[in-house]
Structures are given as structure tokens and as C-alpha cells.
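K.L.:
Sequence order for the protein chains is A and B. Here this note's numbering = 1-based position in the first sequence + 118. Here this note's numbering = 1-based position in the second sequence + 118.
None of these hints come from the bench; they were simulated from the model. Please note: incorrect hints may appear among the correct ones.
Put simply, identical chains are the same to the list, so a pair is met inside one copy or across any two.
Below, in silico cross-link-like pairs of lysine-lysine (DSSO-like), each with a Cα-Cα straight-line distance of 30 angstroms or less [what the hints assert, rightly or not]: (1) Lys239 with Lys176; (2) Lys176 with Lys273; (3) Lys268 with Lys176; (4) Lys239 with Lys295; (5) Lys170 with Lys121; (6) Lys295 with Lys273; (7) Lys145 with Lys170; (8) Lys273 with Lys170; (9) Lys239 with Lys301; (10) Lys295 with Lys170; (11) Lys121 with Lys176; (12) Lys268 with Lys301.
Letter by letter, the chains look like this.
Number of protein chains: 2
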Amino acid sequence: MDKTTIGPSTHLFPKPAVLVGAMVAGKANFMAVSWCGIASQTPPHISVAIRKIRHTLKGIAEHGVFSVNVPSLAQAAQVDYCGLYSGRERDKSEVFAVFFGGLDQAPLAVECPVNFECRVKDSLDLGSHILVVGEIIQTHVDQDCLTEGKPDVMKIDPLGYASGSMTYHGVGPVAAKAYSVGKES
Amino acid sequence: MDKTTIGPSTHLFPKPAVLVGAMVAGKANFMAVSWCGIASQTPPHISVAIRKIRHTLKGIAEHGVFSVNVPSLAQAAQVDYCGLYSGRERDKSEVFAVFFGGLDQAPLAVECPVNFECRVKDSLDLGSHILVVGEIIQTHVDQDCLTEGKPDVMKIDPLGYASGSMTYHGVGPVAAKAYSVGKES
């Protein structure tokens, strides 16, 4: 064993690079987030960690709803733009074409192949960040990203973010079938 | 726009495939989890969603500590095995070589290139699952997975899980630099 300790850190791999959408001061705003995970199945919940000073957090607090948008690798530049600049200093309402589902204060990005509409269920103050937990009310998917009615990762071609190297990555090809490769023969 | 709705769902992409470790009835147990995300930076926190009936949850509740272990693509079969079989029916204490850091009830898997030791900070009951939020107390990394002292995603070769197709995937090559590709020229 040849391990070393690097102290408390956030180097989980892989991590998604998604866009959290909210209405702030009447405008759609999108922030880049890689600290996001599914939090429950029934009903479905999702968590996003947002630094307390973030502009987006104001809109989520005001309206109690938000969106999570899963971009493709092709949208890396737009995602990065949304991570580099705050909605305080840049109007990001036209980075993506915006549509709405059932929640009229949760803006969704057309160009992102998967979009979740979320209603805030709970939030935890964890120091530098608030962990916002939302119930997923609806999922929108590009029709050409479905296979037999289910979202297909290879068609979505989602964007991942790697801390350490601070780089974006796509997802590799199918390496093994889950609930299968580990079965004892 | 050619979108369709599929109802509330958990189809976030990409998602990690990690192992949550705990001591249950005196034995190291590892469960496969893809619903895991970083929850804060300072201090670092991580969240894992665990179905209420899970064997691992008993150990976490008893000791207040757990581990998160980031496997490589090469460990897909072992990870899948840990997802297929409960610690109730299979002794999983020998699937991996086990070591301990500062938390003596948080077993760590030697073969996984990144290991987090975590102390439970909070938990949320979200229906089918408990979202366990832990403070990351220490990070262990394989020395040959570091570049300039930081974990290197390409050396780690981490394992991702895709819902929908229910498949495991590696991470693709560097597609773009973050905090860079979105800069306005």
C-alpha cells in the first residue's frame, strides 16, 4: 500500500458539471455546479451545494424553486462562462434559450438535454456552503436522447468536471453492465 | 425544441460509483452508491443517499462515522458485487484489503485510489432514502495518482454509473480547461 494523506478535501470523482437555474430579480440566471447529487428515490430528490454569497441562492430563497440542467460536452464553454461570471456582474439570461415547465420561477435551458424542475424541500448550513435539497417535480429530456423511453448517457454525452486538474471531461464508452459484472459465476 | 417529459426521476449525469464503508456487527462492510455529492468546501462535507433498509446504515448510525472510497474502472466487478449483495447475506469484509486512518470505525478500501474518512454531521429523511451528510476528516490518495500533489483524474481512472442503461463508464480524456474555455476573448 502506497498511500498519502492530503487532509480534508473535496476530490470526489467523477463529478457532474451542471447548471442550477433560478429567477433572480426577474431574470433567468444559471450557475455552474459540480457539487450535486441525487438524494432520494421516492420521491426523487436532488442536492446542490451553493456558496452562501452566490447570486443564484437569492432567487432560490425567494421563490423556493430551482432547476438543474444537465449539459452536453458541446456546451462546455457556456457552462464555464456561467461558472466564471456572477449574475451580479453579467446578465446570463441569454446564454441559453429558456423554457418553463410547471414551476414558473424555475428557468430551464433548452440546449441542455436533461432538465429537472425542483422545489426546495430542505437546506443545511454547512459552513462555506448551503446544501439545498429539492424535490424533483418533473424531468424534461431531449427526445433524441432517449432509448426505449429512458435517458441514454451516450446520446446525452454529459459533461463532467474534475477537481485537481480543473478540467472538463466526457463520459467514456460502456465498460461493464451493472447488476451483472459482479455476479458470481 | 424537441423535449418530452418523463416525470420525476433521478437521471442525473454523470454520477460516480463509489463504495460507502462502515463497520457493521464488528465487520467491515462496503455498499455501492452512485447518489453521492460534495456538500460544502469549508469544512469539506459529502452527502450519500442510503435506502433506509440498508445494512450499512446500521453501522453508520451506531458509530457516527463512515468512509467513501473512489474505485477505479478496474474495480467495476467488485463494486458491482457490493451493489448486488447485502452485508446481511454476504460477508463483504474481504472483498477489499481494509485499512483505517484516524477514525477507527470507518474502514477504508486499499484498492480504491481515493478514500475519505467521514464523521456524520447531519441526516435528512427524504422518504425512501436517508441523506447522510458527513464532514470529511481526512483524504487518503494513492501516491501514483497524484500530479503536483493533487489527485489526477486520469491516473485515478474513476468509475461512473449511468442510470437508464445501467452501465459503468470511465471518464473521457480532457475536453477543455475549466475557468478558461468560457472566458470571453
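K.L.:
Next step is simple, just say for each hint if it's right about the structure.
P.N.:
Do the hints match the structure? See the list:
{"no.": "1", "hint": "Lys239 with Lys176", "result": "both (16 angstroms within a copy, 25 angstroms between copies)"}
{"no.": "2", "hint": "Lys176 with Lys273", "result": "neither (34 angstroms within a copy, 39 angstroms between copies)"}
{"no.": "3", "hint": "Lys268 with Lys176", "result": "neither (34 angstroms within a copy, 33 angstroms between copies)"}
{"no.": "4", "hint": "Lys239 with Lys295", "result": "neither (33 angstroms within a copy, 34 angstroms between copies)"}
{"no.": "5", "hint": "Lys170 with Lys121", "result": "neither (34 angstroms within a copy, 33 angstroms between copies)"}
{"no.": "6", "hint": "Lys295 with Lys273", "result": "both (17 angstroms within a copy, 23 angstroms between copies)"}
{"no.": "7", "hint": "Lys145 with Lys170", "result": "within (20 angstroms within a copy, 40 angstroms between copies)"}
{"no.": "8", "hint": "Lys273 with Lys170", "result": "neither (35 angstroms within a copy, 33 angstroms between copies)"}
{"no.": "9", "hint": "Lys239 with Lys301", "result": "neither (37 angstroms within a copy, 35 angstroms between copies)"}
{"no.": "10", "hint": "Lys295 with Lys170", "result": "between (40 angstroms within a copy, 25 angstroms between copies)"}
{"no.": "11", "hint": "Lys121 with Lys176", "result": "between (42 angstroms within a copy, 29 angstroms between copies)"}
{"no.": "12", "hint": "Lys268 with Lys301", "result": "within (24 angstroms within a copy, 35 angstroms between copies)"}
In summary, the structure is inconsistent with hints 2, 3, 4, 5, 8 and 9 from the numbered list given earlier, while agreeing with the others.
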